[in-house]
Amino acid sequence: MLQDYLNDYWPIAILLLLTTLLGIVAIGLGYLFGPRRSNKRKNAPYESGMSPIGPGTRQLPVKFYIVAVLFILFDIEVVFLLPWAVIFKKFVDEGLGNFVLIEMIIFLGILLVGYVYAWKKGAFEWD
Amino acid sequence: MLYSMDDMFNILPTVIVVAWATALILVEAFLPKKYKFITIWLTVLGLVVALVAAINQHGIEAEAFNGMLVVDGFSSFLNILILGSGILAVALAVGYNKRFGFDRGEYYIMMMFSIAGTMLMSSAADLIVIFLALELMSIPLYIMAAFYRGNVNSEEAGMKYFLLGAFAGGFILYGIGFVYGATGATGLSQVVTAINGGVDSPTFLLVGAALILIGLGFKVAAVPFHMWTPDVYEGSPTPATAYMAVGAKVGGFAALIRIFVVAFPTLSTDLVPILWGLVALTLVVGNLVAIAQKNIKRMLAYSSISHAGFILMAFLPYGDAAVFKSSVAAALFYLLAFAITSFGSWGVVIALEKSEGKGLLLEDYAGLGRKYPALGVAMLIFMLSFTGIPPTIGFAGKFLLFKAVMEGGYYGLAILGVLTSLFSAYYYLRLVIIMFMKSGEPNIVSDRWVTLVTASSAVATVVLFMVSTPLFAWAEQAVLKLF
Amino acid sequence: MNETLAFILEWVIKGAVLIAILLTGFAYTTYFERRFLARIQIRVGPNRAGPFGLLQPVADGIKLIFKEEVEPAEAYRFAFLLAPVMTMVPAVVIMAVIPWGDKVVMFGREIALAVTDLNVGVLYLLSIASISVYGIVLAGWSSNNKYAMMGGIRSTAQMISYELALGLSFVPPILLAGSLSMSEIIQGQQSSAWYIVYAPLAAIVCFIALLAEVNRAPFDMVEAEQELVAGYVTEYSGMKFALFFMGEYIKMAAVSAIFATMFLGGFDGPGVDTYAWLGPIYLFLKIFGLLGLMIWIRATLPRLRYDRLMAFGWKVLIPIALLNVFITAALIVGLGI
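Chains as they are written, first to last, in our numbering: chain V, 49 to 175; chain Y, 2 to 484; chain B, 267 to 603.
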């Protein structure tokens, strides 16, 4: 009937559905029972009581983009580490532990160079 | 699946370049501002060491990493070519980068990585490795194109090159997927075995080959995949343009030759008409549009497109192994000729370029021949070489190429090649006329390294013509083991 | 056909039970936090609604339902509504792979005390954890408010920075267990020892990163009133605010469960082999202890300044976590653990 492989994922789908439903119901309850007395002042963006100045969304410091790029870089490193970690013990059992360990050290060594470079160039500073 | 240190030694030149560049990143990060020039010297030193290793390795035949990389005459020819080009490109960049205020060590490190990618391309014998090498070659080029920060043209060039290059990379990857689907292998020799054993879906294989051809066509700037070339060449810092004109072409053709010679000889009947059209289009469009250009960088960009067309001609005698051997050798020789001539002419462009894109129009060259006769004569030699007029290496390249193509029986294309060469004479020699016949007061920026590159290229263009027979013999030797 | 129906029923019941537990847990975590904080600060805390103030969460919930839902005039309405749901949903869904115990026999069926057992459980954790970042970005951006925008972006940068250390600190348990499946990681701990013994450094890094992941003190930039009002929740009110709140507290429980599973043996404890029903109790106790620790930390430590927070994540946690990966790998090679 249902494939075995998918059997592991159906519960998640059902849970996802139930949770989303819960969220929608919760928001719906608020709209159902909450009062609606809106006026222009109340709906203005909150700026500590002052009249809002300029648009709410504006350009962000480029710092955040650098963090995002670095994140992608190092996240991929982590993603490569995970399968390596899974098979590591099997290699150790076959006597190839040093080999896979050195392999990973080379791979991470290259990334480490980039990390040190980013550090020296001030990518992690927040002035 | 294991490998040993022998694999590393077999690809020693590439390993040297990669390790050196990686170490240089750290050096660059820790050097105080005052000593940044050391990076440049270290780059040159690394390239020289790798060049020595590559020359030392000449004549060795080996496999590395379970056949994913192959070391043979072909790869060592191209390694020597690209390493030499790299040294010339560094020399061109030093003064220019300082002059325009983006004098940073990362430029040279990026170039080293790109060189490493090109070297890997020349010895890659696995489609996945070819793709990785291609990206290693291209990504630094995108950065180099955008290196003149704050200059809109340079940023546009980097962006355009990046988007289209990524697009081309997608084509290649998709093609690799198709080939893998059809044959169940990514190693070139396994692909051949699978094809010879009969493929279930020849269409898939053909589609894959065509997609790879398209993707690499982007890289070598063949029409109709050339749209990025003029803009990128114009916007990039000129030394970066000089390097990418040669580096990307060497890498692209290395992969094209390796893939199509080794893996797809059986597809020749299907691919030859496509290649014929590609070559004809590239020759005609490249040479005709170049005539209309007023900016020298754009003119040289279209000229480099047309030279890609000439090199692509070598692919036509595809099914005929005997002729193909000499035509591929001719292509290698042509690449060498193009590289030398190209670096020389870009050197002249750099000598004349002023800030804010001044000094790049053809009329800015008026009077150059009278005021600076040596530079004028050098440019004359390069233009003659580009056109293919003796006594220059460009003539030898075209001669050998046309000869090989005619041996293959493609007389129509050979005639087209000669005709478009005549067209090209118009715009190449027009520059010469402007330089020598028109009056003007050009000012050059004195830069001893650029002068050195220009002078030595001019000398080499003539001298290598004299020794073109042994050079071609070397190229023939290089492709011997490919088939 | 009947078999399929039974399966679907089982899944629905499991999901519903999990949600019910988490909702109750959420409500009483807030109560627990307020009481516990009050004790630490020598106050009494909420004690009016019901015996010992036990009905306080219910009262709060009812109050929030009857609050007005204010929407800023220039908010991007759909995204504004979507954001709280997107923050809350991953917090619940992430719990799906946490095993609560071994298999038990109920109604003549053998039922595993977990919603599901993926063979890529750890990857699932990491991917779902990163989805909740979207909710925060959306909330910050769609509010059309400077504080919200800045708070959303800051929280996002913080979360993704600490996610790296988190991912790296998961590697030692995977190395030791040789599997990405949560149940196999627990089995590995049952057969040897809890992984906090083998990889204490990774456990510390993991706990710190998890604190940052749920925006708890001392990493609670969201609640840095002095700087950003309320960060990305500035413009939220009523039930939408409650959903953010819910997401945060459920996530606290979820990361406690994750930490317990990765380093503290999950449902493992004395006697759990014979009495499978002890499993959920042990896990619950561990989660409860970790929650208490989190609240204690909140009461004790001051908030980090933003630049220090980022520097700490990038310059301290990541190198340590990376180093620890190799220490663990070397231990496995050297000692054959």
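In short, the hints are calculated from the structure, not lab data.
Incorrect hints may have been included.
[Unchecked claim] Residues of chain V placed beyond 10 Å of chain B at every Cβ, according to the derived structure: (1) I75; (2) N91; (3) V115; (4) V140; (5) E142; (6) G162; (7) Y165; (8) K169.
[Unchecked claim] Have a look at the derived ranges for each label pair, beta carbon to beta carbon: (9) B:A596 / Y:K37: 37 to 47 Å; (10) B:I328 / V:Y57: 29 to 39 Å; (11) Y:R105 / V:Q107: 24 to 34 Å; (12) V:E151 / B:A565: 25 to 35 Å; (13) B:I328 / V:E151: 20 to 30 Å; (14) B:V582 / Y:A24: 19 to 29 Å; (15) B:I397 / V:L80: 20 to 30 Å; (16) V:T68 / B:Y294: 19 to 29 Å; (17) B:V370 / V:I150: 22 to 32 Å; (18) B:A596 / Y:A24: 17 to 27 Å; (19) Y:A24 / V:E142: 30 to 40 Å.
Treat the numbers as computed from the prediction; the structure is a model and nothing was measured.
Glycine included, every Cβ here is placed at the ideal spot set by N, Cα and C.
Tested hints:
no. : hint                        : in the structure
1   : I75                         : violated, 5 Å
2   : N91                         : violated, 4 Å
3   : V115                        : violated, 5 Å
4   : V140                        : violated, 6 Å
5   : E142                        : holds, 12 Å
6   : G162                        : holds, 12 Å
7   : Y165                        : holds, 13 Å
8   : K169                        : holds, 13 Å
9   : B:A596 / Y:K37: 37 to 47 Å  : holds, 38 Å
10  : B:I328 / V:Y57: 29 to 39 Å  : holds, 37 Å
11  : Y:R105 / V:Q107: 24 to 34 Å : holds, 26 Å
12  : V:E151 / B:A565: 25 to 35 Å : violated, 46 Å
13  : B:I328 / V:E151: 20 to 30 Å : violated, 59 Å
14  : B:V582 / Y:A24: 19 to 29 Å  : holds, 26 Å
15  : B:I397 / V:L80: 20 to 30 Å  : holds, 28 Å
16  : V:T68 / B:Y294: 19 to 29 Å  : holds, 24 Å
17  : B:V370 / V:I150: 22 to 32 Å : violated, 45 Å
18  : B:A596 / Y:A24: 17 to 27 Å  : holds, 25 Å
19  : Y:A24 / V:E142: 30 to 40 Å  : holds, 33 Å
Checked against the numbered hints above, the structure breaks hints 1, 2, 3, 4, 12, 13, 17 and satisfies the rest.
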